[in-house]
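Assemble the whole structure, with the sequences as input and the hints as a guide.
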Amino acid sequence: MHRHFVTFSTVFVLMLAAAATPASAQVDLSGVWAPLFHEDQPERVPGPEVGDYAGLPITDAERLRGESWDASILTLPEHQCKPHPSTYGFRGVGNLRIVNVVDDETQQLTKIFTHIQWQEQEREIWMDDHPVPPEFAAHTWQGFSKGHWEGNTLVVETDHLKAGWIRRNGLALSDKAHMTERFIRHGNLLTHVYIIEDPYYLSEPLIKTNGFQLTSDLTMQPYPCQSVIEVQREDGDVPHNLPGKNPYINDYAKKHNLPVEATRGGAETALPEFAKKIRK
Amino acid sequence: MNRRTASLIAVTLLVSAPAFAQADLSGVWAPLMHEDQPERGPGPEIGDYLGLPITAAMRLRAESWDASLLTVPEHQCKPHPSTYGFRGVGNLRITTEVDPDTQQVTKLFTHIAWQEQEREIWMDGRPHPPEFAPHTWQGFSTGHWEGNVLVVETDHLKAGWIRRNGLALTDQAHMTERFIRHGDVLTHVYMIEDPYYLSEPLIKTNGFRLTTDLTMAPYPCASVLEVVREDGEVPHHLPDRNPFVGSFAAKHNLPAEAASGGAETALPEYMKKTKR
Chain L
35 MHRHFVTFST
45 VFVLMLAAAA
55 TPASAQVDLS
65 GVWAPLFHED
75 QPERVPGPEV
85 GDYAGLPITD
95 AERLRGESWD
105 ASILTLPEHQ
115 CKPHPSTYGF
125 RGVGNLRIVN
135 VVDDETQQLT
145 KIFTHIQWQE
155 QEREIWMDDH
165 PVPPEFAAHT
175 WQGFSKGHWE
185 GNTLVVETDH
195 LKAGWIRRNG
205 LALSDKAHMT
215 ERFIRHGNLL
225 THVYIIEDPY
235 YLSEPLIKTN
245 GFQLTSDLTM
255 QPYPCQSVIE
265 VQREDGDVPH
275 NLPGKNPYIN
285 DYAKKHNLPV
295 EATRGGAETA
305 LPEFAKKIRK
Chain W
1262 MNRRTASLIA
1272 VTLLVSAPAF
1282 AQADLSGVWA
1292 PLMHEDQPER
1302 GPGPEIGDYL
1312 GLPITAAMRL
1322 RAESWDASLL
1332 TVPEHQCKPH
1342 PSTYGFRGVG
1352 NLRITTEVDP
1362 DTQQVTKLFT
1372 HIAWQEQERE
1382 IWMDGRPHPP
1392 EFAPHTWQGF
1402 STGHWEGNVL
1412 VVETDHLKAG
1422 WIRRNGLALT
1432 DQAHMTERFI
1442 RHGDVLTHVY
1452 MIEDPYYLSE
1462 PLIKTNGFRL
1472 TTDLTMAPYP
1482 CASVLEVVRE
1492 DGEVPHHLPD
1502 RNPFVGSFAA
1512 KHNLPAEAAS
1522 GGAETALPEY
1532 MKKTKR
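So the protein lines, in turn, are chains L and W.
Take 35 as the starting number for the first sequence in our numbering and just add one per residue.
Take 1262 as the starting number for the second sequence in our numbering and just add one per residue.
Check each hint, because a few of them may be wrong.
[As the list claims (entries may be wrong)] Chain W residues, not near chain L, derived (Cβ > 12 Å throughout):
1. Ala1284
2. Gly1312
3. Asp1360
4. Arg1387
5. Pro1388
6. His1389
7. Pro1395
8. Glu1407
9. Glu1414
10. His1417
11. Glu1491
12. Pro1500
13. Glu1518
[Stated by the list, open to error] Going by beta-carbon spacing under 10 Å, a handful of chain W positions derived as facing chain L:
14. Ala1282
15. Ser1287
16. Asp1362
17. Ala1374
18. Thr1472
[As the list claims (entries may be wrong)] Derived lysine to any residue pairs resembling SDA-like cross-links, with alpha carbons at most 20 Å apart:
19. Lys1368(W) x Gln255(L)
20. Lys145(L) x Val1359(W)
21. Lys116(L) x Val127(L)
22. Lys145(L) x Lys1368(W)
23. Lys116(L) x Gln1364(W)
24. Lys1534(W) x Gly1312(W)
25. Lys1339(W) x Val1495(W)
26. Lys145(L) x Thr1356(W)
By construction, these hints were calculated from the structure, which means they are not laboratory data.
The beta carbon of each residue, even a glycine, is placed where N, CA and C say it ideally should be.
Printed below as a string of C-alpha cells:
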C-alpha cells in the first residue's frame, strides 16, 4: 500500500512536470516597469528643442507641418487632455504597467493590456485571432494592436491610429501611420523597439528604442484631466506659425552651432556620410 | 515650451509617487522546494503527523484514510484547496485587476496549474459573505496591505486537507496568509486554524522564485473508472484497523507516539520526553 502510494505520487509529479512544460517560448512581460532614460534623455524628459529634426527621416510635408506648429497649441482646452498616442507614449516618463489576460479554458494568452500613467494611456494588444477592423473603423490614440511571438520576443503591429506625433516639437504622424514593435525581456530589463512607417510624413521607417526596468511597486495613480481656459483667445484662434514665418525655427541650429540644413532633418541626416557633405 | 514641459514633467513625477507601499506580485512564480521537499514533491508517508498540532479527531480521521480514495471518480478531479495548493509543485500565476478610474487594485487572481486552482482575493474592502454562503475549494479571500506585505484572510472553505496523507480540515477552517516579496523571491507564510482538527494554529512557509516564462498549460480533467468496485464502496480503514499507519515510525525508528503528532511534538522538549 505504501509503495503504491509513493509510486502513485511519483507518477503524479511526473505528469505535473510534463503538463507544466510550455508549448512555446512566451515571456511574461507583466508587472510595472519604470522607464530608463539612458537613451535620448534630453528629448524625452525636458523635451526636444523647437526645430530639432536632426537625424529623423522626415518628408518635406512633415517639415512644413513641424515648422507651423506652435507650442501654445497645448494650452487650448481641446488639446489639454490628449494622451500620447501609442507611437509616442513609451518614450514618456510615466511607469508602464503590463497585464496579461488569459483564456480560462485554454490558458492561452488572449490579450495584453499596457497602461502608462500620464493621461491614462490604456492600450489593448490582441493575442488571439481577433479580426483586424476594416479601414473605416474608428481610429484611436492607441490604435488597434495585434501581437504574436517570434521566439520569446513579443511583436506587435498597430494601425487605426489617430493623427499623432513622434516628437513633442510638432513632428506629426498622419492617421495612416503603422507601427511595428518588439518587446524583448532580458531578466528585469525590457527593451522596446519600435518602427513607425507613414506614407506622408516619413520617407523611411523611423526606428527607436526605449528601455525599462521592472519595479516591485504596484501602485499607479489615476490621472484625471479636465480642461480649463489657460489663455483668453478669440473664437477660432489656434496657435500656429505660417510657412516661413516661425521665428524660433533656427534657434536650435544657432545654439548648437550646427548647419541649419542638418537640423532640418531628412533620412540622409542620420548617416555618417552627411557630416562630410556639410563640411564641403 | 521647455519651461511648460518641465512643469508638466514635474507634476507627473509628483503624481507618480506611490501613496503607500504596495508590492507588485504579478507574474509567474516557480515553487522552490528547499523546504519540506519530501512531503511536497514525492509526497508524505502514511502515518507521518510529526510536529503537527492535530487533535485526536484529526488523527482518527487520518487513520481512516486510504490513498485508494483518489481512484474513486468523484475524487479524481478535485483541485487542492487554497489551504494546500501553494505547497504543490505547479507554477503560480498572480494577476492584478485594477479599477480603471481610481487605478486602485480591486482584486488579485492566483492560478496554480494543477487542476487549475483559480482563486480570487478581493482587495476592495468588501465584507465576507454570510455563513450560509457556499463553501468552495479556494474559499472566500479578502486582502489588505500591511506595509508592503499582502495579508489575506480566507474562510468559506470546503472541507479540505493540510497534507496528502489524510490529514483533513473541516469547512470551519480559517487561513491567514502573508505574501512577502524580496526582489525576485516570494515568501508565502500561511497560518491555518480549525476548531475541530487543529489544537493550535498550523504555520508553514513556501518559497517561490519569479520566472520570465508566461506559458501555463491548461489542466483539463475527466474522471474515469480506475478500479471496478461495488456501488457505494469507498476505500477506508475502520478505527485501529489501518495496517500501514505504524510503518512510518517503524521505518524511521521513531516512537509511534511521536509520529502520531499533536502540538507538543513540535517542541524541542518533546524529544526529552520520548527518551524517557
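_Could you work out which of the previously given hints the structure breaks and list their numbers from low to high?_
1 and 3
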